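Student: Here is what each chain is made of, one letter per residue.
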Amino acid sequence: MIHSLFLINCSGDIFLEKHWKSVVSQSVCDYFFEAQEKAADVENVPPVISTPHHYLISIYREKIFFVSVIQTEVPPLFVIEFLHRVADTFQDYFGECSETAIKDNVVIVYELLEEMLDNGFPLATESNILKELIKPPTILRSVVNSITGSSNMGDTLPTGQLSNIPWRRAVVKYTNNEAYFDVIEEIDAIIDKSGSTVFAEIQGVIDSCIKLAGMPDLSLSFMNPRLLDDVSFHPCIRFKRWESERVLSFIPPDGNFRLISYRVSSQNLVAIPVYVKHTISFKENLSSGRFDVTIGPKQNMGKTVEGVIATVHMPKAVLNMNLTASQGSYTFDPVTKVLTWDVGKINPQKLPNLKGIVNLQSGAPKPEENPSVNIQFKIQQLAISGLKVNRLDMYGEKYKPFKGVKYITKAGKFQVRT
Amino acid sequence: MSSNSLGYSEQGGETVSELGQEAVPTTAPSASPAFGLFSSDTKRQSSSDDSFYLTSMATTFSVLPEIKKLVYVYLMRYAEEQQDLALLSISTFQRALKDPNQLIRASALRVLSSIRVPIIVPIMMLSIKEAAADLSPYVRKNAAHAIQKLYSLDPEQKEMLIEVIEKLLKDKSTLVAGSVVMSFEEVCPDRIDLIHKNYRKLCNLLVDVEEWGQVVIIHMMTRYARTQFVSPWKEDEEYNEKNFYESDEEQKEKNLKGKKPYAMDPDHRLLIRNTKPLLQSRNAAVVMAVAQLYWHVAPKSEIGIVSKSLVRLLRSNREVQYIVLQNIATMSIQRKGLFEPYLKSFYVRSTDPTMIKTLKLEILTNLANEANISTLLREFQTYVKSQDKQFAAATIQAIGRCATNISEVTDTCLNGLVCLLSNRDEIVVAESVVVIKKLLQTQPAHHGEIIKHMAKLLDNITVPVARASILWLIGEYCERVPKIAPDVLRKMAKSFTSEDDLVKLQILNLGAKLYLTNSKQTKFLTQYILNLGKYDQSYDIRDRTRFIRQLIVPNEKSGALSKYAKKIFLAQKPAPLLESPFKDRDHFQLGTLSHTLNTRATGYLELSNWPEVAPDPSVRNVDAIELVSASIAVTTPAILSPSLVADLEGLNLSSSSVIDVSIPVFVPMKTHELLHRMSGKGLAAHYHFPRQPCIYGDQMVSVQVTLTNTTDEKIENIHIGERKLPSDMRMHEFSPIESLEPEGSITVSMGIDFCDSTQTASLKLCTKDNHFSVNIQPPVGELLLPVIMSERDFKKEKGKLTGMNETSASVTVAPQNSTRLVIVQKVVNVANLGVVPSGEDNIHRFAAKTVHSGSLMLVTVELKEGSTARLIINTEKTVIGSILLRELKPVLSQG
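Those protein sequences? They're chains A and B, same order as listed. Position one of the first sequence corresponds to residue 1 (the UniProt record's numbering), numbered consecutively onward. Position one of the second sequence corresponds to residue 1 (the UniProt record's numbering), numbered consecutively onward.
One or more of the hints may lead you astray.
Stated by the list, open to error - Across the chosen pairs, the derived CB separations fall in these ranges:
#1 A/Gln380 / B/Ser762: 52 to 58 Å
#2 A/Glu397 / B/Pro266: 38 to 44 Å
#3 A/Leu286 / B/Thr351: 28 to 34 Å
#4 B/Asn204 / A/Glu245: 20 to 26 Å
No lab work stands behind these hints, which were simulated from the structure alone. None of these values were measured; they are calculated from a predicted model. A virtual CB, placed ideally from N, CA and C, is assigned to each residue, including glycine.
Okay, chain B solo, but in the shape it has when bound (with noise of 0.2 Å):
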């Protein structure tokens, strides 16, 4: 066995023989050849053998599955390299696409459009189009994968590919939306027009997306409220802004003068509202993606809630702890708030590795403020002895930051920081003396004393951060301490030789700031150590001790300079801010790959500002084709002529739905009261379903409402005022009635959408002088549009909607009603169903689809022996499914 270029593993020879051994006894007698390829160099092979193993790889395919699956992940592997032979195999993957079985289908599409041979682009983007209009939504999913794969091979297909993607952003199915909006977002991120009319889709999609595609969709959609949305932040800015002794007219101006007050779009809030269940996801970045489009999206009053869901994935393993602690290091500098009741859930346990133990620190720094900062410092206490010394390090750092930015407590840290000066450790002290220079600095006016203290600590520290931070500290307040300066410079002096290169820098600083302040005493010091560093091996030394030296010294050839030489090395230098690594951060897209590493990564897309004035919300209507005709009374019912309905539904449908609408087999005449004339005051209303797509909205139930003057008088301007409708549902109401002559009857169209539910809608029926509250509750029959199926596709579509998703029931059917034309007649009359035709005489089939979803119904009555019959149902939707089933049982008991 060879060892280099294998063909199944990738690895050296010994997973091979592996490999071997676990295949070759499953191998049947055809299937050995393909063998050779695994087991053999196929670099080294003439080409003549490449072609016999192809060719014989090619016929495995129809056997075993186990081999063909290997020879599957052989071809990807390989066939960049070995293009003309992977050729060969093209004719068996085209061959499989049109094969009945939807996986099969999905598999050929999904090797094809992963041989990565520019010569089959042209195949690929003929088989991608196909399978974009596959029934099968396995199918479509995986022609969203392949359109990624294709234009990382051929980014000029690049326009035909959006026109599919166009195409599969209309698709229905949870299924595809993941996949297609990862295309969308690698192939064309741009083209965010695409999103408008599918984006309420997918708002109520999302929480049945597999968790992957939640994630980039989720992300997609953040994206695209910042485009499409205003701001929600601004009316918190401006009610800060708010002077509060303002009077209120004062107020008033202003609000008129400015723009109307903030109201937040629907379709705003619906991401917000839809995503909101999916804090409770057991995938971490699930989670993680809503917490993100939270912050940069919603309202600030709203994000409170994300807190405890990132809380929660603290508990998950390090890696994911990584990630979401930078997040929360980044949110917790703009918002305190946010994570302060969770302030103990950060607290360090000496197990945690070093990386997390510092982004925890690094929080409670953060979170830190005049309440908790006592606790905290007690906390921070332990951490400093830890063993972990970088650690402890790391948490002197943050004790300076806490010095800093909380005034009430900088003494007593300081207090805390100086007594470990004496601490055993080198590390520990370095860090603190550090700190405590950078604390010193912000308020020199009365630490004297520490700074003798730390003269002293000279002697025995030898980390060079820490020498040249006391050095800098003795030198800048170097009047404070008269005594005790030149003395440490004679002592520096003396070791000057043996210093690193930052000590001696400082060191001429020192020596520099002594000069012009203690001469007398320093001259002479100085200036030997001038020599010194003057002969210095590093170039920088030398190179400041010249300048210094003309600085300061006075000779005749110093310039204009050397008079302001004490101002310039003694002027009040500002105090250094201790700030938050993670302060600069926040201009990335929260839980993105940018943030992590806090560079742009390739690809990343920035997010962008508000626009100021909202872009058109109406570009995400779907149901935007609204006729002329809409408001003109339809007088009669069924006035439209069969073809014509058959017309509109060419307009309303979306194209890639694969269930044709018919028209329907029966219209019931039956009409339903909507207003009393005794209590509608002589203005009477009826309502009837006129059994048409509606044309206001695909979603949408078509409603003719008759109303009737049964006064002597006019009864002017009717109209719909205030609705009360149960959430999600929408409705088009009738153009308003100008008048309606005495005993004259006039009959408007309206569409309300029921969700799929039969909720009433309750609205409220206006005249000139009078309001009345009427109802429309739709009989569950008429939620459903007839669908046009064969007998075969019907048993298809019936096999995939069983277990929960059918209800069935025995009914015991009245003699005159077993004939295939009365039942027929009881049926539809009771539901809007097509009729399928059927072979059998005892089997009685009817399809459609519910109006606002558009999942399929699907009934079938099965006539035994004796009166018996089985009605079945089988719909996605198992509510309606039941109600229905619930009405058609009586019906055809009855005579």
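Here chain A stands alone, though its shape is the one from the complex (with noise of 0.2 Å):
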């Protein structure tokens, strides 16, 4: 299985290295950097790579190339996967996965790979079990721990791994006992020249964050669960139950954690809760062309569409922006092309616009497409399928918890082709 990690920032440093089984020379990164240097832009390099004696797989997350050095065949996907696992566990245990909060926290950092992976198997990989084994850094610990004398790490042994339930600490205590689900749906489409709906499909996740003490046994049920078309699972819903019942039954985690992800079933029309009007012309001649992007609500069921960004990857013979907007800033960026019109909110009487001038290299041809353009909204309070919570209930523990739901409505891969 996994043999190696390395960890690589963009300018080619290998910053930490860890090895589960005999040591391999840092120099099997060479093929790596070399693929990297054919493909150009970092999105491109191939995830997996053929070396003579190992294979790399390698994930990038935060300006960071995960790179995984291993020996024999294994599911690729299984590798990637549990990489991203290891930085989804930095982000949560250091606010942040990047280079320098890495390095800040080298000790812990090896503690965990150390606890994760046995002879290059997960071991441990759910963050409730590995809080337990290694506590996570705060200032106010480590002002204790040097005044003190003791260590951030547990003294106690977990028994997490050994129970029934083994993404759910032991003791869990709290004086007030809150669950709260957030109901996040994401619109992805794409809209043609005309305004017509390519594609579209809304893509929606419940996000919960739950401090109940003992061990609580929640159910939590919909209004319309039809709605749900394809649903990928926390490990700690009982699939059962939601076969025969359509009722999510499950003991959760202490604290953040993703309890399900949906597709809402193809067949649902989807609301496009902006439109977009544009006009970006290029002249042959004058090397300078023309910009102009209205954006205007459309189907928010009344509410209001805000935090309304745009971007424009220009062609590349673009050479800078002379424009106005009606609302918000917009910056341009010269070198990597990319325009960015932060907009804020849509107010319908008055529709923010932005126009003006586009000047291009002299001599260069005019380009061949329009670009597209990406656009990112946030509905408050509204899941735009539909989907309700009808009731949470609780078993197993005597107090009554404070519950609570969120809907937000945002914008997923949402592009308008021009």
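Using the hints, put the two chains back together into the complex; each one sits in its own frame.
Tutor: Here it is in structure tokens:
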């Protein structure tokens, strides 16, 4: 299975390595650098690279390459999924998964890697168990530790790994018992030139933050569970119960976790909450062009569309842009040729508009294709699919928990072709 | 602080200094020497210093847990390089292996087995063997991991290790299953015979195994299924082959001649059924593993369900997308229908990385058919204009493939491609030329116009491949463009010296072809070109020049071949097939590294073809111990002496089970009516639970049925007919009774696996003339087997079964019930529990395990002051636990 792991930053330094079996020399990464050079763009580095004696499987997260070394046949997704789990754990522990965070906490990183993998096979990957084994660093704790001389290793050994419920800590105590659920839906869409929808679907997740003492057994039911077409579950959910009654019944992990992710059946028509009116044109000989984009609300169920940001990857030939925004501010990066327009809230009375002149490199041919516009937006208190949580019941514990559900709709991969 | 070969971090000085900062303040005085080890260059130390550090390290083992962990990490990393020193620490681990705390035992084993020093192999072997028999499943899991480590250190231990694997495979804990299968795959993947007995258990455990274990088990099961079951695809194939017009008669004959109709092995079905819920896993690797299992093992008609889940994975990060798309590409070649409903999910976004774009394009092309081609082509039009030129070129290739595959749109595509010839971008034009060339080759009949158009392009295009393609086309179809071809040759002769090699070769070709067809106009031109070629720098071109000259220019030496020169050059050439690059990947198992790389990775295990005839399915029967005496009717209950029972236990229960089953404390004589003599037309039947381990299988409850003939005639052929069992329930019926004399009665025994539930087993009791529907419902207390346990063990086990596994209730105990004897008597009357010796007068403990799954059932009766008592049941089987609680409550409260 997984032999070694190298962490490489964007400038090509190997800043951390860990071996689970015999040591593999750093020079194996040269093959990776070679591939990276060939790919030009970080996004295009192939995740699986074959070298004479090893195979390299890598992921790219937060400007860091996690490169693992494999010697024998293994399902590549197994490794990829594990590496992402490692990155998630770092994120969970240090708040971010950056090079500095990893370097600052190198001891904890090694301890984590040691616990997560034994001889290349995953051992403890559940955050609840890891946190019992190795406590995450906090400022307060490091101060206390340096005074008292204690360490951030758990003194008691965790029992979670041994129980039937490996995702939950053994002894959980809270004075305020709370359970929050965020229903987050994202609209993926491709809108064509004329404004008609080429492809649209809704992807949703329910993220939970559960702080309940003891061993609560929760069941969450929906008003309209039929909407959920394809669902993937956190391991805590009892599958049979869902199959028979369409109720999510589970003993939750402690803290934050993703309960389910789902796709809304494709038969349903997806409401598209914004429209984009655009004129982008380039003139043949003048080496300039016009740019005029207006964003307006549409099918937004009476809610305000906010947090609107439009990003456009302009063609390579564009030199700079001279625009005026009726609302919000815009930036154009002349190196990456990315135009970002931070619009903010859409006011239906006065639609936000951005227009002006595009300057092209002189002598460069007119760009073939107009760039597509990527839109981000947010709508609070609305699940665009209409999904509604019916009720949450708790069994197994006596206290009354505080419960809350929040709905939010966002743009996922929302692209308007122009 | 020195900069190379650092103790802890394998990196530069920077991290080490951080480590120092991080750790120094936390160090207790006794631990500080250990830090010398991190900050100093161990390689340059004299050996006496080293041993000083390591001994101090060994003393640190008992100090701070954090330091201890770091020392472990150091030890594993550097033991191989400094073997002598590493040996010093071994005794510490050996001691820890005997620690009462299971987690310490486990971690000691983990570190010990990670020290890669050959001398300690025997110690490792011994420790692994011991750990494999440990009471704690967590330690056994670590033992499974240690097996792989030892195997890679010393492959000669293989045979011994296989024994340990065999033992661990029998383990019933979900914790162990994944790890031991991993060891199996690494050490002895060819010993498929070890799996047989554990196959059903693994299938049933699968859902509860942790996600990483699931992946490994599913991959192993795929291989297993391909060797042990017959192909479920045959039927489909035969069905397809069946001639529509064949009369039924003929078909019948065929069927008779051929094998009997295909019936899926229930074990095969079990695997497919039990993996299905895993498609809902959050882990992409698990979903992919199930998808490949369905692809390789399930009947063709059932594969459909995986596509939805695979499409879901496309929302994940780019690496996951990349692998999943590759697999979908392979699947979509063979089974278009699978992904057709999700066509739009493969539409390309301008922000996708190029590798994802090209894979999506590949899939879209595979999915193209008459119905969706027009939408697809419209979509392709957008792609062609993409700023990502590499992708645009790939799109043109894709259009070309669609055009050859779907004849309706060939012309449309060709026109579209011709339009692209006027594109500004050279790469796009070049790619179009290459594709058009291929398309024209498939149907050259009426495309003179296009060729003319392309000839004009020759002045502007500079990409060699495109120029070469055009020249080849003109040469090949020079008879269709008789006026243009010589002119092109003239232009090319002029620029010959400055052309690329690829183009030069095609100029030579063109010249030769024209010489043969139109020698009047081109004779001198060709000779000029041949002369140029003769002195070219590239030997390839000089070679070709000589060859062509000999072949086409007649001279006295030219042999017989030149007569056929025209045939050689202008032969009908087969059109190239435009095929998917994923065409040849299907011989690799989906989801594997080999499939992704399209080469055999080291350690790749070939998926065997389905066997023609299924190997003996009975090898998977766990309850294979058939006693000869089983069919003999047992006439009196409890005929088996206790010692015999004990013997049988030794036979039936797997030796890895840590729980010892004891003989029942009490066997109640209560019988239940199965069939009343009135409704049974004189045949009466009663059943009774003898509380003996069942001889037909250790997951079964033994049931004794007493049949009585109340008529005055003989009743003949009493047997069990049709049975309606809930799924998973199994039954071992008694052997038919030939005849029962009037007023006679006979007792027979049978075994029923109730699957730890109180569901009724419905069956038909048949005689020669009649049949009666009867039901057997087990009281919950009979689903248990008593267990011997010490008070300490009881408390330990109870500690593990808290939370949702605990049910309790308060009862008011009738005054006469408060003595120990009475309570024990009452409780064991209701349920087959073993009595646990207790040191306290007011607490009574009982232990048992469930018959089917072997989960512990711990009952505690705690008498309080007043006449109340607390009844606590701890078990994983919460349902049975609560039913038992309900049944025990009235027993204690009533007099």
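Student: Now, for every hint given, state plainly whether the structure supports it.
Tutor: Here is what the structure says about each hint:
1. The hint said 52 to 58 Å for the Cβ distance between A/Gln380 and B/Ser762, and at roughly 56 Å that hint holds.
2. Range check, A/Glu397 to B/Pro266: about 42 Å between beta-carbon atoms, so the 38 to 44 Å window is met.
3. Distance hint check: the CB atoms of A/Leu286 and B/Thr351 are about 29 Å apart, consistent with the given range 28 to 34 Å.
4. Under the hint 20 to 26 Å, the C-beta atoms of B/Asn204 and A/Glu245, about 23 Å apart, fit the expected range.
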